[in-house]
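Asker: Sequence:
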Amino acid sequence: MTRQDYIRWALQEDLGDGDHTTKACIPPQQRGSAHLLVKAEGVLAGMSTALQVFTQVDPHLEVKTMRHDGDRIQAGDIIMEVTGSVASILQAERLFLNILQRMSGIATRTRLWSDKIAHTNCRLLDTRKTTPLHRVMEKEAVRWGGGVNHRMGLYDAILVKDNHVDACGGIREALAAVQRYLSRENLQLPVIVEVRSLEELDTLLKAGPVDRVLLDNFSVPRLTEALAMLRDFAKDGLKPTLITEASGNIRWDNLVAYAETGVDFLSIGALTHSVEALDLSLKISKIQAP
1 MTRQDYIRWA LQEDLGDGDH TTKACIPPQQ RGSAHLLVKA EGVLAGMSTA
51 LQVFTQVDPH LEVKTMRHDG DRIQAGDIIM EVTGSVASIL QAERLFLNIL
101 QRMSGIATRT RLWSDKIAHT NCRLLDTRKT TPLHRVMEKE AVRWGGGVNH
151 RMGLYDAILV KDNHVDACGG IREALAAVQR YLSRENLQLP VIVEVRSLEE
201 LDTLLKAGPV DRVLLDNFSV PRLTEALAML RDFAKDGLKP TLITEASGNI
251 RWDNLVAYAE TGVDFLSIGA LTHSVEALDL SLKISKIQAP
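Just so you know, we're using my numbering here: the sequence shown kicks off at 1 and counts up by one.
It is worth saying that the hints were derived from the structure and are not from the lab.
Hints are not guaranteed to be accurate.
Taking CB as the label site, the calculated pair distances span [stated by the list, open to error]:
| # | residue 1 | residue 2 | range |
| --- | --- | --- | --- |
| 1 | Arg123 | Lys206 | 21 to 31 Å |
| 2 | Asn186 | Lys129 | 24 to 34 Å |
| 3 | Gly208 | Ala40 | 44 to 54 Å |
| 4 | Asp71 | Gln29 | 30 to 40 Å |
Below, a list of computed lysine-lysine pairs in the DSSO-like style, where the Cα atoms sit at most 27 Å apart [said to hold, decoys possible]:
| # | residue 1 | residue 2 |
| --- | --- | --- |
| 5 | Lys64 | Lys39 |
| 6 | Lys129 | Lys116 |
| 7 | Lys64 | Lys286 |
| 8 | Lys39 | Lys161 |
| 9 | Lys39 | Lys286 |
| 10 | Lys283 | Lys64 |
| 11 | Lys283 | Lys39 |
| 12 | Lys23 | Lys64 |
| 13 | Lys206 | Lys161 |
| 14 | Lys23 | Lys286 |
| 15 | Lys283 | Lys23 |
| 16 | Lys161 | Lys129 |
Glycine included, every Cβ here is placed at the ideal spot set by N, Cα and C.
Work the whole structure out from these sequences, hints included.
Answerer: Listed below in structure tokens is the structure:
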């Protein structure tokens with residue numbers, strides 16, 4: 001699904017058989033301007049996508065932007081102005097804001113969390129815990145906030161999770177099944193395996209090659225121990241150094257402690273699944289005489 005398709009369907013959802021309030025109140029020939037007012041500090045994201053709403057509603061609308069995706073913005077900033085048919089502006093308003101506020105909220109949270117661990121080499125990863133059909137946009141917002149995208153879906157990486165392991169009968173069996181599948185289908189995909197304990201990690205290290213290990217629900221002390229185990233395996237020449245990722249119960253108050261363990265990535269669903277929209281408002285600022 002393209003972004004143009006998404007915007008077309010979202011407009012149909014909102015407009016239905018017409019914006020009756022605007023039809024009742026605004027003459028069709030009425031022209032004017034509106035500006036986008038920032039009401040809370042944050043990071044702008046989604047402007048390039050949200051502006052396509054105006055284009056689809058009315059290609060004659062004229063837009064001037066003062067800020068771009070990835071920019072830090074402050075309360076009181078005016079960051080965009082649109083001029084043209086007032087009716088068209090009002091019809092586009094809500095979808096434009098919905099996209100921009102949510103994506104900016106994601107970018108703002110990601111930047112806030114990324115800045116907190118900037119003194120380490122650890123990076124933040126998003127997850128698949130995204131709004132249905134919004135994933136491409138929400139993952140783009142994570143990037144604007146300084147985060148890194150995990151796999152886009154089920155198709156671009158192998159991620160063996162706890163349910164796969166349990167259904168296969170163990171780490172060794174699951175990994176063997178993965179290798180057979182990749183060989184049979186002639187696929188080259190990164191292989192990530194989730195482990196829940198030091199025992200599972202030991203089994204994984206002895207079982208076969210993987211690209212990344214996901215250490216799930218490890219406490220900070222247990223994660224430190226796991227990373228030491230990985231270093232020992234690499235030092236002994238038993239396995240090359242693996243990319244490491246930690247997930248589960250990672251919060252704002254323990255974020256730094258996890259990042260300072262030396263883990264490569266922290267994957268955090270809260271970057272997208274429960275983010276607060278950034279407070280933005282579109283205000284009619286000028287009405288031209290009809």
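Asker: With reference to the structure, classify each hint as holding or not holding.
Answerer: Consistency of the hints with the structure:
no.	hint	verdict
1	Arg123 to Lys206: 21 to 31 Å	holds, 28 Å
2	Asn186 to Lys129: 24 to 34 Å	holds, 31 Å
3	Gly208 to Ala40: 44 to 54 Å	holds, 49 Å
4	Asp71 to Gln29: 30 to 40 Å	holds, 35 Å
5	Lys64 to Lys39	holds, 19 Å
6	Lys129 to Lys116	holds, 22 Å
7	Lys64 to Lys286	holds, 15 Å
8	Lys39 to Lys161	violated, 41 Å
9	Lys39 to Lys286	holds, 20 Å
10	Lys283 to Lys64	holds, 15 Å
11	Lys283 to Lys39	holds, 12 Å
12	Lys23 to Lys64	holds, 26 Å
13	Lys206 to Lys161	holds, 18 Å
14	Lys23 to Lys286	holds, 19 Å
15	Lys283 to Lys23	holds, 19 Å
16	Lys161 to Lys129	holds, 15 Å
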